[in-house]
Structure formats: C-alpha cells, structure tokens
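Participant: As given, the protein sequences belong to chains A and B, one line each in that order. At position 17 of the first sequence (counting the first as 1) the number is 16 in the working numbering, and the numbers step up by one without a gap. At position 102 of the second sequence (counting the first as 1) the number is 670 in the working numbering, and the numbers step up by one without a gap.
FYI, nobody ran anything at the bench for these hints, they're computed from the structure. Where a beta carbon is used, it is the ideal one built from N, C-alpha and C, also for glycine. A couple of the hints might just be wrong.
[Stated by the list, open to error] Partial list, derived from the structure: chain A residues whose beta carbon lies under 8 Å from chain B:
| no. | residue |
| --- | --- |
| 1 | Pro43 |
| 2 | Leu45 |
| 3 | His54 |
| 4 | Thr84 |
| 5 | Phe86 |
| 6 | Trp93 |
| 7 | Pro94 |
| 8 | Phe95 |
| 9 | Thr96 |
| 10 | Phe97 |
| 11 | Ser99 |
| 12 | Gly100 |
[As the list claims (entries may be wrong)] Mimicking BS3-like on lysine-lysine, the simulated pairs with C-alpha atoms at most 27 Å apart in a straight line are:
| no. | chain 1 | residue 1 | chain 2 | residue 2 |
| --- | --- | --- | --- | --- |
| 13 | B | Lys620 | A | Lys30 |
| 14 | B | Lys657 | B | Lys611 |
| 15 | B | Lys611 | A | Lys106 |
| 16 | B | Lys622 | B | Lys646 |
| 17 | B | Lys611 | A | Lys30 |
| 18 | B | Lys620 | A | Lys44 |
| 19 | A | Lys102 | B | Lys611 |
| 20 | B | Lys611 | A | Lys23 |
| 21 | B | Lys620 | B | Lys646 |
| 22 | B | Lys587 | B | Lys611 |
| 23 | A | Lys44 | B | Lys646 |
| 24 | A | Lys38 | B | Lys611 |
[Said to hold, decoys possible] Derived Cβ-Cβ restraints for the label pairs, each shown as a range:
| no. | chain 1 | residue 1 | chain 2 | residue 2 | range |
| --- | --- | --- | --- | --- | --- |
| 25 | B | Ser655 | A | Gly15 | 50 to 58 Å |
| 26 | B | Ser681 | A | Glu41 | 19 to 27 Å |
| 27 | A | Ser64 | B | Pro609 | 27 to 35 Å |
| 28 | B | Ser641 | A | Ile105 | 40 to 48 Å |
| 29 | A | Glu16 | B | Ser655 | 46 to 54 Å |
| 30 | B | Asp643 | A | Arg60 | 34 to 42 Å |
| 31 | B | Ser655 | A | Glu41 | 27 to 35 Å |
| 32 | A | Ser62 | B | Lys611 | 22 to 30 Å |
| 33 | A | Phe9 | B | Thr679 | 25 to 33 Å |
| 34 | A | Ser25 | B | Pro582 | 27 to 35 Å |
| 35 | B | Thr596 | A | Gly15 | 36 to 44 Å |
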Amino acid sequence: DIQMTQSPSFLSASVGERVTLSCKASQNINKYLDWYQQKLGEAPKLLIYNTNNLHTGIPSRFSGSGSGTDYTLTISSLQPEDVATYFCLQRNSWPFTFGSGTKLEIK
Amino acid sequence: EVQLVETGGGLVQPGKSLKLTCATSGFTFSTAWMHWVRQSPDKRLEWIARIKDKSNNYATDYVESVKGRFTISRDDSKSSVYLQMNSLKEEDTATYYCTLRDYWGQGVMVTVSS
Numbered sequence: 000d001i002q003m004t005q006s007p008s009f010l011s012a013s014v015g016e017r018v019t020l021s022c023k024a025s026q027n028i029n030k031y032l033d034w035y036q037q038k039l040g041e042a043p044k045l046l047i048y049n050t051n052n053l054h055t056g057i058p059s060r061f062s063g064s065g066s067g068t069d070y071t072l073t074i075s076s077l078q079p080e081d082v083a084t085y086f087c088l089q090r091n092s093w094p095f096t097f098g099s100g101t102k103l104e105i106k
Numbered sequence: 569e570v571q572l573v574e575t576g577g578g579l580v581q582p583g584k585s586l587k588l589t590c591a592t593s594g595f596t597f598s599t600a601w602m603h604w605v606r607q608s609p610d611k612r613l614e615w616i617a618r619i620k621d622k623s624n625n626y627a628t629d630y631v632e633s634v635k636g637r638f639t640i641s642r643d644d645s646k647s648s649v650y651l652q653m654n655s656l657k658e659e660d661t662a663t664y665y666c667t668l669r670d671y672w673g674q675g676v677m678v679t680v681s682s
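Taking the hints into account, I'd like the entire structure generated from these sequences.
Facilitator: This is the structure:
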C-alpha cells in the first residue's frame, strides 16, 4: 500500500497568514492527490482534487500543487473558519490511503 | 441536492455481524461508484471498500483489513449502498461514512465491544 506522510501534525497560525501543509507519498502517485478538510464533529469535505483542482464552492484562498511524491496545500490568507484537520488522500492505486492529518489552529 | 444518509450502526459484540445502509438522493446513483470510509476513535481515516457501477460489472474492492469479512453491495432501484460486516473485531470500532468522494454522509458509529 502507498503510505502518505503529512507534516506538520499540528500548526498554529495567525489570521491573515499564509499557511502551507505538506503531504509526501511513499511512491509516485501521478498527481492523484486530494485534500479534505474536517471540522470538529463533521464529515470530511473535499477541498481539492487531482492536486490542484478546486472543488465546487471552495474559496479561492485554498490551492494545491505538487507532483511525483510531494504535494502541498496552501491557504493564502488564513481565516477563523479554516480551523480544522486537513487530510491528504492518494487515489493513484487501490487501496486509497490517507495521511494522518494536520490539525490547524488559530494563534 | 446530493444527500447520503447512513443507518444501521450501534453496539455489537466481537464476532457478531452488522449491516450498514446508505440511502442516497440528488444524483444519478446507477452510474456512480460508491464507497465506504471509516474513521477510528484516534481520527485516522481508512478507505475500506468501493463498488463500481453496472457498466463495470459492479466490481468491488476492499482494503486488506476487512477483506473476507465485509461485503459492499448496492441496489440501484433503491439508490442505496450497503456494507455487510461479519466477524467484527474491536478494531472495527469507528464512524463509518458512505461517500461519492466529493459528497459524504454524516457518518454512523459502530462500536465493537463485549
């Protein structure tokens, strides 16, 4: 199975700050990388699919990039409502596998 | 509006069975690939099963940890997908989500404990 490693595990940042979350795959996943946001008590919500495609209704302050084994989620200007845990997911091969998440809080 | 509603969760003893149902609406179910994902109490997410549509012969895939114990199935006439869970183990304790990938249900809790 492909292992997904997210860093950092925890991030505290200020409102308005640019935030970068990382996800590294154990092998090339050909940009089949999605990002999910999960707020407390809610189901995961798709933010970005296939590395850099914003899902419907997601604010443009979210963006994704990467290739090969290394991927990034960027929030250009952190907002209070962005407090959540963020998970990456690889869909290059079955079984799909998630990273262990980055918990994002406001400083 | 796309809706996915999971039911059937609860407390069950190790070795017993449970069947989850996901009732859906708001999209063309018959051509959708449907999935089950679970989240353990430590918040780790695991994509456990998928079922393809009729044009793909309703093919199924499972993660190794549930293979041989869980069965995913669907009823296109009812726009529903199911997860039959047999020989349950304590490590199957989790919130189970039905998902289209871009839309998710609210989840249903399954607790396996004696």
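Participant: So, for every hint listed, does it hold in this structure?
Facilitator: A quick look at each hint next to the structure:
1. Pro43: holds, 6 Å
2. Leu45: holds, 5 Å
3. His54: holds, 6 Å
4. Thr84: holds, 7 Å
5. Phe86: holds, 6 Å
6. Trp93: Since chain B brings a Cβ to about 5 Å from Trp93(A), closer than 8 Å, the hint holds.
7. Pro94: holds, 4 Å
8. Phe95: holds, 4 Å
9. Thr96: Holds - the Cβ of Thr96(A) comes within 8 Å of chain B, reaching about 7 Å at its closest.
10. Phe97: Holds - the Cβ of Phe97(A) comes within 8 Å of chain B, reaching about 4 Å at its closest.
11. Ser99: holds, 6 Å
12. Gly100: Holds. Min distance 7 Å.
13. Lys620(B) / Lys30(A): Answer holds: Lys620(B) to Lys30(A) is near 22 Å, not above 27 Å.
14. Lys657(B) / Lys611(B): holds, 18 Å
15. Lys611(B) / Lys106(A): Cα-Cα ~23 Å, so holds.
16. Lys622(B) / Lys646(B): Judged against 27 Å, a Cα distance of about 14 Å means the pair holds.
17. Lys611(B) / Lys30(A): Distance ~25 Å between Lys611(B) and Lys30(A) Cα, so the pair holds.
18. Lys620(B) / Lys44(A): Within the cut-off at roughly 22 Å; holds.
19. Lys102(A) / Lys611(B): holds, 11 Å
20. Lys611(B) / Lys23(A): With Cα atoms ~19 Å apart, Lys611(B) and Lys23(A) stay inside 27 Å; holds.
21. Lys620(B) / Lys646(B): Answer holds: Lys620(B) to Lys646(B) is near 16 Å, not above 27 Å.
22. Lys587(B) / Lys611(B): holds, 22 Å
23. Lys44(A) / Lys646(B): Satisfied, since the Cα-Cα distance of roughly 25 Å is no more than 27 Å.
24. Lys38(A) / Lys611(B): With Cα atoms ~12 Å apart, Lys38(A) and Lys611(B) stay inside 27 Å; holds.
25. Ser655(B) / Gly15(A): 50 to 58 Å: For Gly15(A) against Ser655(B), whose Cβ atoms are near 52 Å apart, the range 50 to 58 Å holds.
26. Ser681(B) / Glu41(A): 19 to 27 Å: holds, 25 Å
27. Ser64(A) / Pro609(B): 27 to 35 Å: At roughly 33 Å between Cβ atoms, Pro609(B) and Ser64(A) fall inside 27 to 35 Å, so the hint holds.
28. Ser641(B) / Ile105(A): 40 to 48 Å: Distance hint for Ser641(B), Ile105(A) holds at roughly 44 Å.
29. Glu16(A) / Ser655(B): 46 to 54 Å: holds, 48 Å
30. Asp643(B) / Arg60(A): 34 to 42 Å: For Asp643(B) and Arg60(A) the Cβ distance comes to about 41 Å; the hint holds.
31. Ser655(B) / Glu41(A): 27 to 35 Å: Taking Cβ atoms as reference, Ser655(B) and Glu41(A) lie about 31 Å apart, which means the hint holds.
32. Ser62(A) / Lys611(B): 22 to 30 Å: holds, 25 Å
33. Phe9(A) / Thr679(B): 25 to 33 Å: holds, 28 Å
34. Ser25(A) / Pro582(B): 27 to 35 Å: holds, 32 Å
35. Thr596(B) / Gly15(A): 36 to 44 Å: With Cβ atoms ~42 Å apart, the hint holds.
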